[in-house]
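Novice: Sequence:
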Amino acid sequence: MKSFTLKSLTVAIVSTVSFASAADTYNIETIETLNNYRSSIPQSINASGQIVGVARFPENVEIDFSKVPSRLLAQIGFDPEEDEELTIAQYQAIVENLGNYANSSLQTQRIGLNQAFIYNGTSSEVNAVSATADQLANSVDSFLYSINNANTAVGVTSAPFELIEHQYTNADDETETAEYFVSDFLSRGMWYNNGESSVVEPQAQDYLGGESAIFDINDSGLAAGYESIGLSPAATTRIEESCEDPEVASASQPLEVCVWGIWRGLQNADASNIAAFNNSRYRYSRPRSGYNAGRSIYDIRGKLWQFDASGEVISQVELPTLVERRSDDENDFSSYAYAVNNNDIAVGQSWTYHPDRGAIRMPAIFQNQEALPVTEDPVYLWGSATDINDSNIAVGHLTKRPAGTLRSYGFYYDVDASELTILDSFFNGASTVIRSINDNGEMVGTAEVDPTLSQVRARAGFYYDMSAEAPQIINLNNTISCDSEYNIVDANDITENGEIIATALKTEEYTDEEGETRTREILVNIKLDPIEGELNNCTDNEEPVERQGAAVGLGSLLGFGALGLLITGIRRRTFLKTKKS
1377 MKSFTLKSLT VAIVSTVSFA SAADTYNIET IETLNNYRSS IPQSINASGQ
1427 IVGVARFPEN VEIDFSKVPS RLLAQIGFDP EEDEELTIAQ YQAIVENLGN
1477 YANSSLQTQR IGLNQAFIYN GTSSEVNAVS ATADQLANSV DSFLYSINNA
1527 NTAVGVTSAP FELIEHQYTN ADDETETAEY FVSDFLSRGM WYNNGESSVV
1577 EPQAQDYLGG ESAIFDINDS GLAAGYESIG LSPAATTRIE ESCEDPEVAS
1627 ASQPLEVCVW GIWRGLQNAD ASNIAAFNNS RYRYSRPRSG YNAGRSIYDI
1677 RGKLWQFDAS GEVISQVELP TLVERRSDDE NDFSSYAYAV NNNDIAVGQS
1727 WTYHPDRGAI RMPAIFQNQE ALPVTEDPVY LWGSATDIND SNIAVGHLTK
1777 RPAGTLRSYG FYYDVDASEL TILDSFFNGA STVIRSINDN GEMVGTAEVD
1827 PTLSQVRARA GFYYDMSAEA PQIINLNNTI SCDSEYNIVD ANDITENGEI
1877 IATALKTEEY TDEEGETRTR EILVNIKLDP IEGELNNCTD NEEPVERQGA
1927 AVGLGSLLGF GALGLLITGI RRRTFLKTKK S
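In our numbering, the protein residues as written are 1377 to 1957.
By construction, these hints were calculated from the structure, which means they are not laboratory data.
Hints should not be assumed to be uniformly reliable.
[Claimed, not checked] As a list, the in silico DMTMM-like pairs of lysine to aspartate or glutamate whose alpha-carbon atoms are at most 20 Å apart: (1) K1776 <-> D1753; (2) K1443 <-> E1552; (3) K1443 <-> E1457; (4) K1882 <-> E1872; (5) K1882 <-> E1908; (6) K1776 <-> D1792; (7) K1776 <-> D1646; (8) K1443 <-> D1459; (9) K1776 <-> D1800.
[To be verified] Between beta-carbon pairs, the in silico distance windows are: (10) S1442 <-> T1797: 54 to 60 Å; (11) S1691 <-> A1627: 57 to 63 Å; (12) G1425 <-> D1621: 42 to 48 Å; (13) T1498 <-> A1846: 57 to 63 Å; (14) D1905 <-> V1755: 50 to 56 Å; (15) Q1579 <-> D1888: 34 to 40 Å; (16) A1465 <-> E1623: 45 to 51 Å; (17) A1627 <-> G1780: 32 to 38 Å; (18) D1888 <-> T1751: 24 to 30 Å; (19) D1905 <-> G1606: 30 to 36 Å; (20) I1798 <-> E1458: 55 to 61 Å; (21) D1888 <-> A1645: 36 to 42 Å; (22) T1781 <-> S1703: 32 to 38 Å.
No residue lacks a Cβ here, since even glycine has one placed at the ideal position from N, Cα and C.
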């Protein structure tokens, strides 16, 4: 086997580990990225300053060229028999194409692009599962989404892949062998504290090992997430007819490979029922909304798990959907819990029905084992609740279609008063997603700041204080020095003291294989510490110039597709654009 690792290249990264800027209202602290990973995305910070998140794009994956599609090798101009080493651009193309979320083939090498980390002065990997000698190294994707004040972190991990041989008889009655990469399960919610970890086993594991995930944990150890509870009616029929019927199923594929193909198609399905119906481009084909439906072969239910101090589940509660599945709907019908406060009220998302559009995902409040809507106004076609504070104020986003284009609007919802408020954003029609709210009513998130008519608009991280005398959404790039090296594109979490962790673009220098110094943009994890000062106007009256090379793969950077967002950023004279989802 001829293989390659990036260690054979000379890569000199020029970046700082920490940086303090005399900003107008915040000082900046850079949180180091894990060794051998290119970018870093923060997710949560606790009262003691510990941070969890996701490092992305491994720099030193060993490539097995016998498991790389020949079409891809030809496309990037690399011949394993003739060329001694990959260029950095060739390596990047291979790794991105073989990444688990982009790779649609189980006959090619599988690569995990995402690595969970925890930061407590230094950044360290967190792994709830690891590859054995028989399994493929670097094939796991892992994410940490939340850390509580007891320093317990929760997240999601996939399973490592391993190569199996499948023998079958072809049409000429000859025995042939095909190779496939398979794994023990799709996903597992993971719990982590001080080097110890555990995973949550889902109720239903009929095929592909089932699914579970954990997204938040409160200070008493109550965690919110979801798990598979049973096959959907449609999946049951399709698997029986396409994968288990010997007269129909392909003999060259084992059962689990056939089922995985069905699952992956559902995961990547577009929510086409909320697309505009009058788009002439789709006259003879089904319209696309650009919103990922994130379906599954399984019915999923939101769950609350009570963990003890050693990571064992001592009790659990299943969370219902907003409405019951209709008798004529055989698709998966699910609920998902994304956050839980210290009053044990959870928030998230559930499938429900629009009067004209069919099944849609909408925000849900889970209280007393009931699922409650934040709105039933038919103007809204999609949405999710993303966080809730201890004053029972939930936040999230709702999607509607002004001027024929789907846009997301940030909201906060008073659970006790059943009162919904739509957030004013940077301009009318600006898509806005609130990520987090603290107990003081301070919110952070990401919002569009480019008021063009394009479906792809630039974004920036923002701050909003609902308790201020005159609440307004604030572009966080106007809270730091105008000559800062950072372009804040997303704000991920905020503490009770007003400290913010954010995702920022930064330009770094590297030395390519020819010894030339080049630059590229990476995503970095920064912490914003509040100081006395005033806002500046760094983003005003500037002509944006598109940044090159930074938009590739940003969708996977955020990890969880259910929130329906790819980030874009704008600041000063430059911006990055990515496709929305």
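Novice: Look at each hint and say if it fits the structure.
Specialist: Right, here's what the structure says about each hint:
The suggested pairing of K1776 with D1753 holds, with an alpha-carbon distance near 10 Å, which does not exceed 20 Å. Only pairs whose Cα atoms come within 20 Å are accepted, and K1443 paired with E1552 is accepted, the gap being roughly 18 Å. Among the hinted pairs, K1443 with E1457 is consistent with the structure: their alpha-carbon atoms are about 14 Å apart, no more than 20 Å. In summary, the hint linking K1882 to E1872 is not supported, as the alpha carbons are separated by about 27 Å, beyond the 20 Å threshold.
Taken as a hint, the K1882 and E1908 pair is broken in the structure, with Cα atoms around 25 Å apart against an allowance of 20 Å. Distance check on the hinted pair: K1776 and D1792 sit about 25 Å apart at the alpha-carbon level, beyond 20 Å; violated. Note on K1776 and D1646: the hinted pairing holds, with a Cα-Cα distance of about 16 Å set against a maximum of 20 Å. In summary, the hint linking K1443 to D1459 is supported, as the alpha carbons are separated by about 17 Å, within the 20 Å threshold.
For the proposed pair K1776 and D1800, the alpha carbon gap of about 15 Å is at most 20 Å, so the pair holds. With their beta carbons about 57 Å apart, S1442 and T1797 fall inside the hinted range of 54 to 60 Å. In this structure the supplied range 57 to 63 Å is violated for S1691 paired with A1627, their Cβ-Cβ distance being about 46 Å. A hinted range of 42 to 48 Å is violated for the C-beta pair G1425 and D1621, which are about 57 Å apart.
The hinted window of 57 to 63 Å between T1498 and A1846 is violated, with their beta carbons roughly 41 Å apart. Roughly 40 Å separates the CB atoms of D1905 and V1755, a value that falls outside the hinted 50 to 56 Å. Separated by about 50 Å at the C-beta atoms, Q1579 and D1888 break the suggested range of 34 to 40 Å. Under the hint 45 to 51 Å, the C-beta atoms of A1465 and E1623, about 47 Å apart, fit the expected range.
Look at A1627 against G1780: about 48 Å separates their beta carbons, and that is not inside 32 to 38 Å. At about 52 Å, the beta-carbon gap between D1888 and T1751 misses the expected band of 24 to 30 Å. A hinted range of 30 to 36 Å for the beta carbons of D1905 and G1606 is inconsistent with their spacing of about 48 Å. Judged by the Cβ atoms, the range 55 to 61 Å given for I1798 and E1458 holds: they are separated by roughly 60 Å.
Taken as a hint, the range 36 to 42 Å holds for the pair D1888 and A1645, whose Cβ atoms sit roughly 39 Å apart. Taking the beta carbon of each, T1781 and S1703 are about 34 Å apart, inside 32 to 38 Å as hinted.
Of the numbered hints listed earlier, those contradicted by the structure are 4, 5, 6, 11, 12, 13, 14, 15, 17, 18, 19.
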